[in-house]
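Chains as they are written, first to last, in my numbering: chain A, 1 to 384; chain B, 1 to 129.
These are computed hints drawn from the structure, not numbers from a lab. C-beta atoms are modelled at their ideal positions from N, C-alpha and C, and glycine is treated no differently. Hints are not guaranteed to be accurate.
Unchecked claim - Label pairs and their calculated CB-CB ranges:
{"#": "1", "chain 1": "B", "residue 1": "Ser45", "chain 2": "A", "residue 2": "Arg5", "range": "38 to 48 Å"}
{"#": "2", "chain 1": "B", "residue 1": "Asn73", "chain 2": "A", "residue 2": "Ser298", "range": "53 to 63 Å"}
{"#": "3", "chain 1": "B", "residue 1": "Gly113", "chain 2": "A", "residue 2": "Gly13", "range": "48 to 58 Å"}
What the hints assert, rightly or not - When the alpha-carbon atoms are kept at most 30 Å apart in a straight line, the in silico DSBU-like pairs for lysine-lysine are as follows:
{"#": "4", "chain 1": "B", "residue 1": "Lys70", "chain 2": "A", "residue 2": "Lys37"}
{"#": "5", "chain 1": "A", "residue 1": "Lys176", "chain 2": "B", "residue 2": "Lys16"}
{"#": "6", "chain 1": "B", "residue 1": "Lys44", "chain 2": "A", "residue 2": "Lys12"}
{"#": "7", "chain 1": "B", "residue 1": "Lys30", "chain 2": "A", "residue 2": "Lys67"}
{"#": "8", "chain 1": "B", "residue 1": "Lys29", "chain 2": "A", "residue 2": "Lys12"}
{"#": "9", "chain 1": "B", "residue 1": "Lys70", "chain 2": "B", "residue 2": "Lys16"}
{"#": "10", "chain 1": "A", "residue 1": "Lys376", "chain 2": "A", "residue 2": "Lys189"}
{"#": "11", "chain 1": "A", "residue 1": "Lys67", "chain 2": "B", "residue 2": "Lys16"}
{"#": "12", "chain 1": "A", "residue 1": "Lys12", "chain 2": "B", "residue 2": "Lys37"}
{"#": "13", "chain 1": "B", "residue 1": "Lys82", "chain 2": "A", "residue 2": "Lys363"}
{"#": "14", "chain 1": "B", "residue 1": "Lys3", "chain 2": "A", "residue 2": "Lys205"}
{"#": "15", "chain 1": "A", "residue 1": "Lys37", "chain 2": "B", "residue 2": "Lys82"}
{"#": "16", "chain 1": "A", "residue 1": "Lys205", "chain 2": "B", "residue 2": "Lys70"}
Stated by the list, open to error - A short list of chain A residues far from chain B (calculated; beta carbon distances all over 10 Å):
{"#": "17", "residue": "Arg24"}
{"#": "18", "residue": "Thr33"}
{"#": "19", "residue": "Thr53"}
{"#": "20", "residue": "Ile126"}
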Amino acid sequence: MELTREEESALKGENGETMQMAYRILVATGEATDAEKLIPIEWAHLSGVNYNTIGDAGEEFLSTISKDARVSVKTTLNPMGFDIDNVSNYKLDENFISKQLSIRNSYETMGVIPSFSCIPYEIFDIPKNGTQVAFAESNAAIHANSYDNLKTNKESAFSALASAIVGKSPYSSLRKEDTPNITIEMKVKNPNELSYGMLGFFAGKVGDTSVNISGLAEMDQRQCKAMCGGMGTSGTCAKFNFGEGDSNTEKIEFDEKEMQNVHDELNTSEKGDIITLGSPQLGLDEISDLTAKLKGRSFEKRCMVFLPRTVKEQAQKIGYISELERAGCEILSDCCTCLTPLISKDDVDAVTTNSIKGAFYLKNSNGVGVNLKSLKEIVEDETR
Amino acid sequence: MNKILVSGKVEGIVLKSNDPINFLGTVDKKTGIISDKNHTLFEKSMKNLVLVFPSGIGSSVGAYTIYSIKSNNTAPIAMICKKADLTVATGCALANIPLITISDEEFESIKTGMNLSLDTDSTTLIHYQ
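Input sequences plus hints: build the corresponding full structure.
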């Protein structure tokens with residue numbers, strides 16, 4: 001990797017220990033991914049926020065570096081473990097709460113925008129076409145590359161943090177160009193968001209860094225997010241290229257049988273004790289649509305709805321939140337289904353959800369059963 | 001292939017594993033001891049040794065384990081791998097532990113108990129003693 005004279009001296013420690021460590025992370029990541037240089041980025045989105053995932057080691061590390069580390073570009077943040085406004089309604093111990101608040105404090109001290117959202121592409125303005133960014137949240141990296149005309153690799157928590165501090169990222173892989181060697185043809189008829197989530201999950205398994213995808217109908221935002229969330233869960237692939245691809249690519253069909261395979265892998269229960277909506281978190285359009293679908297109806301069991309705080313505030317003004325609460329929804333901002341500490345197998349045997357990403361983590365991390373249903377089916381079956 | 005991921009200069013005794021290492025799941029973050037019964041380095045400490053292994057596997061959060069063992073003074077003084085993976089690369093970068101990759105042939109030639117010096121500024125990265 002070629003470094004400029006300024007970068008070399010920062011790597012040697014001439015701009016302090018924190019900057020030296022950030023450069024060490026970028027160089028190690030760059031060498032591992034065959035980058036030839038570092039390039040400027042305009043926006044970093046960090047993962048490694050939920051105490052459930054980073055634990056004491058992460059909390060201590062962030063507390064130490066926040067003493068002098070400061071981000072140098074716009075930096076946004078993934079969800080944490082709970083919503084402080086209603087955390088007392090859930091069985092979380094004091095230690096979890098205080099460690100999580102310490103993590104929040106460390107990021108704020110470093111100058112990070114406390115957005116606590118996995119859908120930065122939906123709640124922040126998108127920079128101009130081709131802008132280099134550094135997104136660690138997998139669904140956000142895939143959405144940025146596939147739908148927002150931004151360029152990012154699927155960053156780790158560490159390379160995104162180092163990129164935020166330095167303002168640069170290694171120039172490798174999807175930042176340069178990508179020529180997928182696989183083309184997936186969507187053959188499933190009348191797909192809903194669940195079908196697109198399973199398509200994404202399948203694509204993440206068979207793809208390397210990017211895939212071509214063809215046969216898609218017009219998709220709404222819910223379906224696009226489901227596809228990105230599914231792909232981010234099952235592999236390292238971080239971009240959909242829409243189209244047939246050239247004749248050299250391997251052609252693979254995603255048909256009813258392939259979809260059934262994914263369904264069988266993730267759907268482990270006939271029914272759920274509670275319902276979760278949101279992983280990725282719901283945006284304002286989805287909240288508006290959900291409110292309309294629930295008009296005059298109420299849930300017959302608990303339904304947790306995850307959304308960013310800014311979306312909650314907008315939805316409150318319009319009156320959606322009171323309508324959703326009337327229908328029995330628990331509204332949670334700053335957190336998400338994915339790796340939530342709020343659902344425990346001690347209390348819950350199985351969860352109903354329309355999220356493939358949520359299903360994967362509920363099954364593997366929370367250890368609960370999963371019952372997959374589309375939002376349409378959830379409203380039909382679980383409300384009256 | 002030879003790559004320098006984290007630079008540095010050290011000398012020490014080799015602890016080698018032909019199994020990859022999952023730092024998050026199987027390395028104790030206080031003691032640096034491997035707790036996986038099925039691993040060739042089961043119950044071995046990597047403290048102050050040159051750890052030689054094919055590559056890291058498992059969650060990227062394992063990088064924090066490498067940072068923790070360094071903070072607890074139970075970390076290896078250097079790591080040498082066949083293949084660079086992002087978990088070990090970022091973990092060694094966080095903890096400032098020298099990390100290089102080497103060819104399959106050189107990897108095969110290194111054995112537990114050998115004494116070697118590693119200098120990433122030298123043209124021959126490894127000198128055997």
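Checked hints:
For Ser45/B paired with Arg5/A, a C-beta distance near 41 Å keeps the hint of 38 to 48 Å intact. The given range of 53 to 63 Å is respected by Asn73/B and Ser298/A, whose C-beta atoms sit roughly 58 Å from each other. Checking the proposed 48 to 58 Å range against Gly113/B and Gly13/A shows it is violated: the Cβ atoms sit about 34 Å from each other. Note on Lys70/B and Lys37/A: the hinted pairing holds, with a Cα-Cα distance of about 29 Å set against a maximum of 30 Å.
At most 30 Å may separate the alpha-carbon atoms for a hinted pair to count; Lys176/A and Lys16/B exceed this at roughly 37 Å. Only pairs whose Cα atoms come within 30 Å are accepted, and Lys44/B paired with Lys12/A is rejected, the gap being roughly 33 Å. Distance restraint check for Lys30/B and Lys67/A: the Cα-Cα separation of roughly 24 Å lies within the 30 Å cut-off, and the hinted pair is therefore satisfied. The suggested pairing of Lys29/B with Lys12/A holds, with an alpha-carbon distance near 28 Å, which does not exceed 30 Å.
This hinted pair checks out: Lys70/B and Lys16/B have alpha carbons roughly 19 Å apart, not beyond 30 Å. A hinted pair counts as satisfied when its Cα atoms are at most 30 Å apart, and Lys376/A with Lys189/A qualifies at roughly 16 Å. For the suggested pair Lys67/A and Lys16/B, the alpha carbons sit about 37 Å apart, so the restraint of at most 30 Å is broken. Our distance criterion of 30 Å between C-alpha atoms is broken by Lys12/A and Lys37/B, whose separation comes to about 40 Å.
Taking the CA atoms of Lys82/B and Lys363/A, the gap is near 34 Å; set against the 30 Å cutoff, the hint is violated. For a cut-off of 30 Å, the pair hint linking Lys3/B to Lys205/A stands: about 29 Å separates their Cα positions. The suggested pairing of Lys37/A with Lys82/B holds, with an alpha-carbon distance near 23 Å, which does not exceed 30 Å. Among the hinted pairs, Lys205/A with Lys70/B is inconsistent with the structure: their alpha-carbon atoms are about 35 Å apart, more than 30 Å.
With a minimum CB-CB distance of about 4 Å to chain B, Arg24/A fails to clear the 10 Å threshold, and the non-interface call is violated. For Thr33/A, the shortest C-beta to C-beta distance to chain B comes to about 8 Å, within the 10 Å cut-off, and the non-interface label is violated. The claim that Thr53/A lies off the interface is violated: its Cβ sits roughly 6 Å from the closest Cβ of chain B, which falls inside the 10 Å cut-off. At the 10 Å boundary, the C-beta of Ile126/A stays outside the reach of chain B, the nearest C-beta of that chain being 26 Å off.
In summary, the numbered hints that this structure violates are 3, 5, 6, 11, 12, 13, 16, 17, 18 and 19.
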